[in-house]
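Enquirer: Residue numbers (the numbering used here), protein chains in the order written: chain A, 2 to 362; chain B, 591 to 684.
By construction, these hints were calculated from the structure, which means they are not laboratory data.
Keep in mind that the hints are not guaranteed to be accurate.
Straight line, CA to CA, 25 Å or less: simulated BS3-like cross-link-like pairs of lysine-lysine [stated by the list, open to error]: (1) A:LYS332 - A:LYS20; (2) A:LYS164 - A:LYS332; (3) B:LYS643 - A:LYS40; (4) A:LYS40 - B:LYS616; (5) A:LYS263 - A:LYS201; (6) B:LYS643 - A:LYS20; (7) A:LYS332 - A:LYS159; (8) A:LYS301 - A:LYS282; (9) A:LYS332 - A:LYS301.
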Amino acid sequence: MDCQDLENLISAYTDGELKGTQLDLIEAHLVNCVDCRTKLTEYNNIRRQLVSLQATPVLPEIKGNVLARIEKARPSVKTKRRIHPALVFIPLATILVAALIFYLPGVFTNPPSVISKAYAATERLDSFRSHNTFNVNFPGTTAWVNPSVQDFEYADVKAYHFKWNTPEGYYPQQELEITVIDNKVYSRQIPDRYSSSRIKAIVESLNQGLYDNSIIPSRNQTLAILTSMNNIVNMGDESIDGAACFHYQGIVNNGKYFAELKNKLSQQFSASDPAYQVALKVYEDWQQTKGINVELWIDKDDYFVRQLARTIYPVPNASNTVGYTSKTIEKYYDFNQPITIRAPLTVAGDLLPGWYVDSLP
Amino acid sequence: MKFVSFEQYGLKSHTTDNQPEGEIEKANIQEALRGVPIEQRMCLVLHFVEGFKYREIAETLDISEDAVRMRVARGKQIFQSLYAEEGKSWTVKI
């Protein structure tokens, strides 16, 4: 099958209309095909342009013709209006993009004193919750679009809960929820998109990340961020959710670290693993970026990191993985509070509707 | 009043004296969409503007999902080429 045969599928992929083997086929192909990634970017741009018409008052002439034809053929048809641009379900690549930000080995050994204290405070960090909002900005536009929200509850290395979803009111509503308790992986997704093996691959990467490159900001990840920032600027004090915080801005210098990450990745996955190929491509794209703008808000009392904002700029001629500017704001709270992670089971021990369970080795 | 192509004067601006940039872009998008053949345009409008899923378009038009996928992809290609043409003929009132 050549690239021309895949055009319809790539188009459908950008519309979030692929699943199962077709989805796997396209994602695997995109990893290795520059031409198709270019095509993907084009389709994403077209999508953005057409979706922008949802809010225009001038469209009825065009729309009216279309709807009149449909209603002539099928009088019972009712049109429906969705609220906002459709989202393409978060690809594994995006999760891994988020993941790798938390693993950026140190570049300097003499951080400012507040950073040092924040570094030390991670010794006292056990359980916590976090809330993450993610938006992207496409080249040539000013709006931040395609929002998604992630929530984490982290009780322990072996007990955490992760939920990703599009905010209420946005179309289409999509969710991915994972609860990990010991070696049990409970998952729920709307719509069904990831296979059981893919879900386990995501969890494996999260679990490995608990020690090095997870999106879960364990002590190691916090340390990595703190020690990876260059050109730190004190932005003055600022309040985050009522807590007085130091506010710093810096740049994470990522050049050689992605080379290290690629090396590490190759030790963790087999070369034929699709998750490995996706992550490898992401690392290679990111290796080309100049740096990641990071802002930190560190509590003036306990020196815990209360908020982290990251802005990642697109790579020239990049693939879809980093072909747009992305902005993530992550809030951390409920430090060292009792957090109970519950399995999605009924009193009788049956899985709640919509949930699946797998076991890790 | 006459209309002069921006290109004729080597101008890069996408705005006229009283029309914001976003409106001009939307006008160009609509103009390009208007030129897409009705079968493909129906699928584009239903999916992107009305929020139908491919499956729902297939049910509405009584065609297969594969046909919807093909029409959407083809419609996008035609739209893209027409939009590029629109971009070349942006006009401004002087």
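Enquirer: Failing hints, ascending?
Expert: Hint check: 1, 8 fail, others pass.
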